[in-house]
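J.: Sequences listed follow chains A and B, in order. Letter by letter, the first sequence follows residues 1 to 105 in the working numbering. Letter by letter, the second sequence follows residues 1 to 181 in the working numbering.
Source of the hints: derived by calculation from the structure; they are not laboratory data. Treat the hints loosely; a few may be bogus.
SDA-like, lysine to any residue: derived pairs with alpha carbons at most 20 Å apart [to be verified]:
id: 1; chain 1: B; residue 1: K76; chain 2: B; residue 2: Y132
id: 2; chain 1: A; residue 1: K88; chain 2: B; residue 2: V31
id: 3; chain 1: B; residue 1: K76; chain 2: B; residue 2: D40
id: 4; chain 1: A; residue 1: K65; chain 2: B; residue 2: K76
id: 5; chain 1: B; residue 1: K147; chain 2: A; residue 2: Q64
id: 6; chain 1: A; residue 1: K65; chain 2: B; residue 2: Q30
Ranges of calculated distance between the beta carbons of each label pair, as one might list FRET restraints [said to hold, decoys possible]:
id: 7; chain 1: A; residue 1: S61; chain 2: B; residue 2: P7; range: 43 to 51 Å
id: 8; chain 1: A; residue 1: K58; chain 2: B; residue 2: R51; range: 22 to 30 Å
id: 9; chain 1: B; residue 1: E53; chain 2: A; residue 2: D76; range: 28 to 36 Å
id: 10; chain 1: B; residue 1: T56; chain 2: A; residue 2: D92; range: 23 to 31 Å
id: 11; chain 1: A; residue 1: K88; chain 2: B; residue 2: P54; range: 16 to 24 Å
id: 12; chain 1: B; residue 1: R51; chain 2: A; residue 2: G62; range: 26 to 34 Å
id: 13; chain 1: A; residue 1: D60; chain 2: B; residue 2: E6; range: 31 to 39 Å
Since the model is a prediction, treat every value here as computed from it, not as a measurement. We put the CB at the ideal spot given by N, CA and C, even for glycine.
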Amino acid sequence: MQQPALLLENQYMDIAKVGHPSEGWGGKGTKMTVDKGNKLARTTLEASVNDKLATDPKLDSGSQKRIGDQLRAMYDELMQQPVPDRFKELLDQLDKKNGSKEGSQ
Amino acid sequence: MTPEPEPELREALLAAVPSLRAFAISLSGQVDRADDLVQDTLLRALANLHRFEPGTNLNAWLFTILRNLFHSEYRKRRREVEDPDGSYAGRLKVQPEQGSHLDFEDFRSALAQLPSDQREALLLVGASGFSYEEAAQICGCAVGTIKSRVNRARFRLASLLNVEDIEDLGPDSMTRAALQG
Numbered sequence: 001m002q003q004p005a006l007l008l009e010n011q012y013m014d015i016a017k018v019g020h021p022s023e024g025w026g027g028k029g030t031k032m033t034v035d036k037g038n039k040l041a042r043t044t045l046e047a048s049v050n051d052k053l054a055t056d057p058k059l060d061s062g063s064q065k066r067i068g069d070q071l072r073a074m075y076d077e078l079m080q081q082p083v084p085d086r087f088k089e090l091l092d093q094l095d096k097k098n099g100s101k102e103g104s105q
Numbered sequence: 001m002t003p004e005p006e007p008e009l010r011e012a013l014l015a016a017v018p019s020l021r022a023f024a025i026s027l028s029g030q031v032d033r034a035d036d037l038v039q040d041t042l043l044r045a046l047a048n049l050h051r052f053e054p055g056t057n058l059n060a061w062l063f064t065i066l067r068n069l070f071h072s073e074y075r076k077r078r079r080e081v082e083d084p085d086g087s088y089a090g091r092l093k094v095q096p097e098q099g100s101h102l103d104f105e106d107f108r109s110a111l112a113q114l115p116s117d118q119r120e121a122l123l124l125v126g127a128s129g130f131s132y133e134e135a136a137q138i139c140g141c142a143v144g145t146i147k148s149r150v151n152r153a154r155f156r157l158a159s160l161l162n163v164e165d166i167e168d169l170g171p172d173s174m175t176r177a178a179l180q181g
């Protein structure tokens, strides 16, 4: 249904799959496909030998709520920062230029 | 052919900027770099408007672009200068320059200690308001992978943020040991 919106992603798919810059997951998580999604539990058990926090732990709902609240509070603060003028200017500029010029890259 | 950005679309792009910035800042830990990322995202979106299917989720599309730019840039930088994740925490403490509450400092530094794939999954689902399915599309991975990453991220944050509480409680040192694996 939303496939068309994701077309752009395909040209960058390799980037997403190949190099995860994190120290955490190795290949196991990133190689996983949609089909294998429900085998996740087994996969993580297998991975637990190598990964620090491999088995999916369950967090009690109180802690989960606290984490969620703090995350959203931090995020809301960022969201409320004024939008820098450069973005308004950028979009205005492109709007004006658009008659004569296609795109920008 | 690039379709003309219609006024509504321009408004929609502009309206997406705050959430793109919040994501980019939380992802990169740097306001300047985040703003560059957002700008590149907008430029790339405008150049690829013909690939966007009207009626689908514009925000998810923009987040996908931003995320991919972030990762490709990260890899490029990594080749130039070795920039281990440790420096991220240091940078986070300095920003954002405006309107920051010290209350969030602990949280930010805990967030900075997460592996970046867990951090981005948590930000998408827990803060940006995407469903697990949307987050999976944005990250190009399975829904189960996103769920797992979000779980781990929450759990890790809880253990990072609660370490002192747990110490105060005393008898829970075994739990703590388990949390820290």
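J.: Please name the hints from earlier in the document that this structure breaks, with their numbers sorted from lowest to highest.
T.: 1, 4, 6, 8, 12, 13
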